[in-house]
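**Student:** In order, the protein sequence lines correspond to chains H and W.
For the first sequence, our numbering assigns the number 1 to the initial residue and increments by one for each residue that follows.
For the second sequence, our numbering assigns the number 669 to the initial residue and increments by one for each residue that follows.
Among these hints, one or two may not hold up.
What the hints assert, rightly or not - Okay, the calculated bits of chain H under chain W, using three or more residues with CB under 8 Å as the criterion: (1) 118-130; (2) 285-296; (3) 330-336; (4) 431-444.
To be clear, the hints were calculated from the coordinates, so they are not data collected in a lab.
It should be emphasised that the depicted structure is a prediction, and the values quoted were computed from it without experimental measurement.
For every residue, glycine included, the Cβ atom is placed at its ideal position computed from N, Cα and C.
For reference, the chains in residue letters:
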Amino acid sequence: MPAVSPRPSPAPPPAVPRPVSGALKVALLGNPNTDKTTLFHRLCGMMAKTANFPGTTAAARLGKCQVGGPSPLTLDVVDLPGIYRLDLDLPECRVCRGFLLGDGGAAPPDAVVVVVDATNLSRNLVLVGEVLALGLPTVVALNMVDLAQRRGFTVDTRRLAANLGCPVVSLVARRGDGVDELKETLRTLGDGAPAGPPSDLPLEDWADRVVADSLGGQHAVGTPVDTVTERLDQAFTHPVLGVLVFGGIMAGLFWILFVLAAVPMDLIEATFEHLGSWATAIVPEGAVRGLLVDGIIGGIAGTLVFLPQICLLFFLVSLLEDTGYLARAAFVMDRILCRFGLPGHAFVPLLSSHACALPGILSTRLIPDRNDRLTTILVAPLMSCSARLPVYVLLTSVLFAGKPLLAGLAFAGCYLLGATAAMATAFVTRRTLLKGPSRPMVLELPSYKMPSLRNALMTAGDQGLSFLRTAGTVIMAICVVMWWLSAYPRTEAPAEAVALRQQADALAASPESAEPLRQQADLLEARNAQAQSFAGRIGHAIQPVFAPLGYDWQLTVGVLTSFLAREVFVSTMSVLVGDGDDDVENEGVVAKIRSAQRDDGRPVLTTATAASLLVFFVLAMQCLPTLVLTRRESGSWRWAGLQLGVMTSLAYAGAFVTFQGLRLLGVA
Amino acid sequence: MDAQIVPLTSLPMGASARLHAAELSREDCALLRALGLTDQCRLRICKTGEPCIVQVRTARIGLAASVAHKIFVLPEAEA
Chain H
1 MPAVSPRPSP APPPAVPRPV SGALKVALLG NPNTDKTTLF HRLCGMMAKT
51 ANFPGTTAAA RLGKCQVGGP SPLTLDVVDL PGIYRLDLDL PECRVCRGFL
101 LGDGGAAPPD AVVVVVDATN LSRNLVLVGE VLALGLPTVV ALNMVDLAQR
151 RGFTVDTRRL AANLGCPVVS LVARRGDGVD ELKETLRTLG DGAPAGPPSD
201 LPLEDWADRV VADSLGGQHA VGTPVDTVTE RLDQAFTHPV LGVLVFGGIM
251 AGLFWILFVL AAVPMDLIEA TFEHLGSWAT AIVPEGAVRG LLVDGIIGGI
301 AGTLVFLPQI CLLFFLVSLL EDTGYLARAA FVMDRILCRF GLPGHAFVPL
351 LSSHACALPG ILSTRLIPDR NDRLTTILVA PLMSCSARLP VYVLLTSVLF
401 AGKPLLAGLA FAGCYLLGAT AAMATAFVTR RTLLKGPSRP MVLELPSYKM
451 PSLRNALMTA GDQGLSFLRT AGTVIMAICV VMWWLSAYPR TEAPAEAVAL
501 RQQADALAAS PESAEPLRQQ ADLLEARNAQ AQSFAGRIGH AIQPVFAPLG
551 YDWQLTVGVL TSFLAREVFV STMSVLVGDG DDDVENEGVV AKIRSAQRDD
601 GRPVLTTATA ASLLVFFVLA MQCLPTLVLT RRESGSWRWA GLQLGVMTSL
651 AYAGAFVTFQ GLRLLGVA
Chain W
669 MDAQIVPLTS LPMGASARLH AAELSREDCA LLRALGLTDQ CRLRICKTGE
719 PCIVQVRTAR IGLAASVAHK IFVLPEAEA
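Using the sequences and the hints given, assemble the complete structure.
**Tutor:** See below:
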C-alpha cells in the first residue's frame, strides 16, 4: 500500500536572468480559492483579455497595470490557472511550469506574485517554495489577512519575509487594501534570485516550520470547529436536501437567465432592426444595401444577441462561485453525472446550454480536468437551447394541431431526447475517444463568503469582451458568407410577380387594394430568389441525401440555411411555403406551412416528415457560432469537426429511423 | 497492516486521526498531498458519507466516498 509520502522535489533549473525592458512581465500564481483573480481585477481593471495557452484548453487572463510615481512602470500581468503545486502531472500545472520556465521560446516572467491564503498558510507556502526554488524574483501576496485575524492568526510579515527570503505584502484583495503597496514592491523588486528552501527538507515540512516561526506564537494547525460551516456543508451535500437546494438554486439561475436576458436581447434585436430599416431607407437598392443590411448589420446583430446571456451567466456563476457554494454543488451532481463519465462540475455548463450552448461551452472553464471539459464541450449543444424553441413550436403544432396536451408532451420529449443523447454521447466518448480515468472528486471546500459584486461584474465584462474579440469576429464573417450564399446570384422577378405589381400599379386610386398584391409579389420574388440562390441550388443538388428522411428541396434548403442558426429554419420555411410571416404563435402561419405543397402536389410536411424534422433539429448541430466557439475553447478544429460529425450523424440516423419507422407503421 | 489502521470511511463524524497511507494511484496520491493530506497529518472528520469532508489544518477537503474508502488512517483518542 503506497504511503502518501512526498516525492523528492525536482532539481531546480538554473536561475533565469531578468530581461531588461520597458515593461515588467508579472506572473500571478496561487492555489485555487485564494482570490487571485480578484487581485488581478484590482490590478488591471477591465484592461484585460482572456486567452488560451497555445494548443491547450487552459485559459489565462492577460492585463496591463500602470504604476505611477517618479518612474512610471507598466506591468504586463498574466493571471495563471489556480494550482496547488507546480510538480503535479496535471495540464494546468504543466501550463504554469512552462510559463515560469519560459518554455516554447517565450521569455520567463520578470517577477512572480504568489497569492497565498493567510488562513491556510502552511499548504499555500508549498507552492511558494516551489517558485522560490526556480530562482525567479518573487513577491508573496498574503491575501485575506482580515479573515486570518478574525480566526486568531496574526502573521508577522517581516518574519515571514525573512524566512522566505522574498518580500511579503499583506492584502485584502476584495477591498483593495495593500494593492498599491504590492505595485510599489514590484517596482523596487530586484532581479536577484531568491535562495529558495533547503533541498534536503520536504517542502511540506519546510512550510510548517516557516509558519510556526511566523505566526506570532500561534500555530495554524487546526482551528476551532466552525459550526455554521459544518451545518451548511451537511445541508448542501445531503443526498436529498442537497439535491433540493441545488435544484432550487439552478432553477433560479435558469429563470433569471431566460427572463432577464430576454430584455437586452429584445433591445439588441429591435435596435438592429431599426438600424437595418434606416440603412434600407437611405442606401439605394442593390448589392451594397444587401451586404450592409442583411450581411453586416444582420451579422453584428446575430453576434451581439448572445452577449446578454453570456454576461449574465458569468455574472451569476461568479457570484455563486464566490460564496463557496459551487464546490459543494459539484459533489451533489457528481453522484449522478459520474455514471455517464462526466464530473459534477459539468452540471452548470449543461444547464446553461438549455438557454444557449455558447455560455454553456464558455462556462466549461469551471471544469479542471481536460478530458472532462472536452467531453462536456462536445455534448453541451445536444441540450435543447432556446434557439430550438421556434422550431419545436412550429413542428409540434404541425404534428398535433388542436391537441395541446400531446403537443406539450412532444415538446417535453424533445428536451428529454436531447439530454439522453448528451448523456449517451458522453458515456461513449469517455470510453472511446477520451479514455482514461476521471480525476477523482477531491476538492478543497472554500470558506463561505459574501460574494463580490465587483468581481462578478468584472468577470462578466471580461468574458463578454473575450467572446466578442474572438468568436464574435469569426461568427460575423461567416454570417456574411451565409447571407451571400442565400442572396446570390440575383434573379429576375418571376412573371407572376411582375403581373401582380402591374395590377397593383393600376389600382393607384385604391391603395388598400394594391397593398396585398404588392405583398404577394414580394413573397413570390423572395421565394424565387431563395430557390435560385446558391443555397437554393445546393439544396436542390443535395436533396437526394435528405430524401430518405422525407425532405423535399424546400425542407432541404430550410435545413441548410438553418446551419447558421436553428431559428432561421422557421423564417426560411415561411418564405418558401408560407406568406413570409415567421411568427410561430400565429395559428395562420402554422396552418399555411402545414398545408404547403411540394412541386408534385404532395404536402411538404406530413406527420412522418414533421416528426423526422423534429428529431433532426433536437440532435443536429445547426449552429455555426457553437462550432466556432468549440474550436476556440478546445484549441483545435478537430474537436469542432468531431462535434459537427457526431451530432449530424446522430440527427441523420434519428430522423431516418423516425421517418422510415413511421412509414412502415403506415403513418404518412 | 497495523490492526488500528482503518479506512477513513469507518470513522464517525467529529473523530480525529492521522493519515497513514492511501491505496490510490501515484497521481491521486500526489493530488491529495498537494491539498495538504500529507503523511501523518492530523485530520478531523467533518462529514461522513458522500462526500466525506475532512479538515486538515485550516482547510476543508471534500472527498468522494470512493476515494475516502481507499485512504487509511490511524484514529486518535478523543482529547
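**Student:** Can you confirm whether chain W covers the stretch 118-130 of chain H, using C-beta to C-beta distances below 8 Å and requiring at least three such residues?
**Tutor:** The restraint on the stretch 118-130 of chain H holds, since 5 of its residues have a Cβ under 8 Å from chain W and three suffice.
**Student:** If you look at each residue in the stretch 330-336 of chain H, do at least three have a Cβ nearer than 8 Å to any Cβ of chain W?
**Tutor:** holds (count 3)
**Student:** For the stretch 285-296 of chain H, count the residues whose Cβ lies under 8 Å from any Cβ of chain W; is that count three or more?
**Tutor:** It is violated, with 0 qualifying residues against the three required.
**Student:** At least three residues with a C-beta closer than 8 Å to a C-beta of chain W: is that true for the stretch 431-444 of chain H?
**Tutor:** The restraint on the stretch 431-444 of chain H holds, since 7 of its residues have a Cβ under 8 Å from chain W and three suffice.
Checked against the numbered hints listed earlier, the structure breaks hint 2 alone; every other hint is satisfied.
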